[in-house]
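Model the placement of chain S on the given structure of chain D, informed by the hints.
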Amino acid sequence: MSVPQYRRAAALALVAGLGLSLTACSTKSDDKDTTAGGKVTITVDCQPVGAQKELLKNWNDDVAEFQRQNPDIVIKSVSVGEQCNNPPDFTARLAGGTVTDVFYGYMTDLQQVLDSGQAMDISEYANKDTVPTWDSIDPALKEVFSDGGKLYAVPVKNYSMGLVYNKALFQQAGLDVNNPPKTWADVRAAAKKISALGNGIAGYSEYSAGNTGGWHFTSLLYSQGGRVLTEDGKKADFNNAMGKQVLQNLKDMRYGDNSMGARQLLQWGDLLTNAGAGKVGMFIGAPDATQAIVSQFQGKFQDWAMSPLPGQDGLAKGTLGGGEGYFFKKGLTPEQVKAGLKWIAYQKLTPGKGQFDYVRAKPQNYPVGLPQPLLFANGSDAQKQELELRKANANVDTANFAIFEATPIPIKGEPRNAQAIYAVLDAAMSGVLTNPNSNIDALLKTAEDKVNQLLSAQS
Amino acid sequence: MTITTVPETPRKPGRPMSPYPVGPQRTNLGRKVRDNLTGHAFLIGAVLCFVVFSWYPMIRGIVMSFQRTRRGETTWVGWDNYLRIVDDPSFWTAWKNTAYFTVLALVLGYVVPFFVAILLNEFRHAKGYLRILVYLPVMLPPASALFLFKFYAYDPSEAGLFNAILKALHLPTSQWMQSPGMTMPAMVLASTWMNMGGAVLIYLASLQNIPGELYEAAELDGAGIWKRIRHVTIPQTRLILALLAMLQIVATMQVFIEPLILANGAGAEDSATSVAYLIYQHGFFQNDLNGAAALGVIMLVVLAGFSAVYVRLTAKQD
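Sequences listed follow chains D and S, in order.
Position one of the first sequence corresponds to residue 5 (my numbering), numbered consecutively onward.
Position one of the second sequence corresponds to residue 110 (my numbering), numbered consecutively onward.
So that you can see chain D by itself, here it is in the shape it has in the complex (with noise of 0.2 Å):
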């Protein structure tokens, strides 16, 4: 071949390439429906990383035994990195139509999903024939994933909030560890006393970034007995005496008593990272923020303890509560559906099975003990399964988390547009732990105008 023929030859084939990676990148896997084999194939989401090789190998395991269970169906994973707990990536994915046939989201993305058009209403098809344990599940988690009284996902995770301390600190600081705060001036007192320990210990942590701030404020104010929105959800309501005293808790302890340490502006996982090296005395979290402590955070078990949330003058008037379930992306077949329904059956909703599957947890160090997740109702049979399970698994103290779990406190969602809201919200929250000038009245004026705002658009 001569070179000008070369040449010719190179940038053709340069086009046909380039027009070929073009044409793969915009074609749109045609293999979702069934296999040659007559078998459904259905994609999901949230396989662990390959980092985490037991929980991977466990996914695996359960793949294998589900499809050896179900000869006709094909689970293809999906491990999509951190989708499964970060709001940008989710809502990237959810906008490019690039969901898993089946996939996770929180309870506070229902809106957000039903006005993508990715989901489809399963409500025909979630019973007790495709999730035998469909009617142990709270029937309140199925009403917070339903709209028009239409299901959209099913629940497979829920949480409240209580006061999280650590229990070596408490030690420390001379404090009862089995007779934790009570109230915020009992909270306000031990952080005091925990923060005087010194080393840049914060007696008490708390957010004010990355909308987990706004999440934060909204669960303070629950405890007061506060809510966030009007009955009807149209307008803020957070503007009053109860929204003042949260903030004007929080700026006392930061700047009259210094116990919050100084390091402010904290997201997730900064507060996480100082509580796993033993500088954060108290915070307010779900029982699943010890295990990320553990896990993610070098901390340690035992050294986490959980008590109910704090009220201003008694025990919290009610506490936040939240989780994440699995939804069907539209278009599916009635036997893919029915398919999804299944492997989240068995991977999510069977005492003994999947996350449940305490048993193989038990001597891997993943923890088990923890009052979590509250998916069954109480007294049904679900539960009792689950929980005589857990009892005989437990591989962390469960009496770290006896009080929390011996005290019951009234349960309230998220509001509606919930992750706008709490951005909103963080500079509320922001303004108090950061400038010890800060005009509470008007950072809550200047939420409440931005909220009403951003409700009235979005109606």
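Just so you know, these hints were derived from the structure itself, not from any lab.
Every value quoted in this text rests on a predicted model; they were computed, and no experiment measured them.
Among the hints, a few may not be true.
Under the rule of at most 25 Å between Cα atoms (straight-line distance), these lysine-lysine pairs were calculated in the DSS-like manner [as the list claims (entries may be wrong)]:
#1 S:Lys259 to D:Lys449
#2 D:Lys132 to D:Lys342
#3 D:Lys197 to D:Lys186
#4 D:Lys146 to D:Lys161
#5 D:Lys186 to D:Lys238
#6 D:Lys146 to D:Lys388
#7 D:Lys154 to D:Lys238
#8 D:Lys283 to D:Lys186
#9 D:Lys255 to S:Lys259
#10 S:Lys276 to D:Lys283
#11 D:Lys132 to D:Lys449
#12 S:Lys259 to D:Lys283
Same frame as chain D, now just chain S:
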């Protein structure tokens, strides 16, 4: 005998002469395309890349800014998204913050590299090493550099690098990113440190193109260093100065990674919310991709306005 010479017609500047013999003029389009097949093939590749990855997303964003998606149904809503986004109380905060960042970045990130370049140009020894030292931060991934600042330099306790220095100098320490008043200066400082090397190299290249005779002449006329900078350096580098000023404005107005990493997003009392971060906030946290698109288009128009001013100014100078 008189010898007459025909003066050569001066060649027009611009397109260089072809080194190959020029054949008969071809008018057939098909043959023209065939003859330039290699060039066209490469051109198609580049154009396709631009169409798919640059122009299509831009046009899609403009279209989206006039639409609203609810329950999977997309409808045309005219200017509604724009009106809504302008009504957002964070809109003006974001523009105010962005303008503040841009002005500070022009003062620090534009002027400082120019003087560093002049200084480097004056050094007679170890020029290469000094250039490498100045350029080194550019090679650090921006996220890593910003995390260094966030956790090491801007630590608000007395253990933080900058606070330790301030304390050693018996100066008051700062809360850095946690103080609403310090947010922007601290972000600009970090940004300047990260990006200065690139600008310094461009300035240096430009400075080295200035004929030495101009400085010699100026020196003979008794010009000191400031006069030489004012009357020789600045006029000789004005095009590069104008270009970099424009690039600096366009780049700094899109400030995003600094608030995202240094201020965990909005920063203390929204003091770090930039327009680009607000776009991200609307798109990815508020489930408002259409509002985000509208804000993106507003930003595009503003930046295009700056670019137009630049083109006009440089055209006049030429």
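Numbers of unmet hints, in rising order: 1, 5, 11
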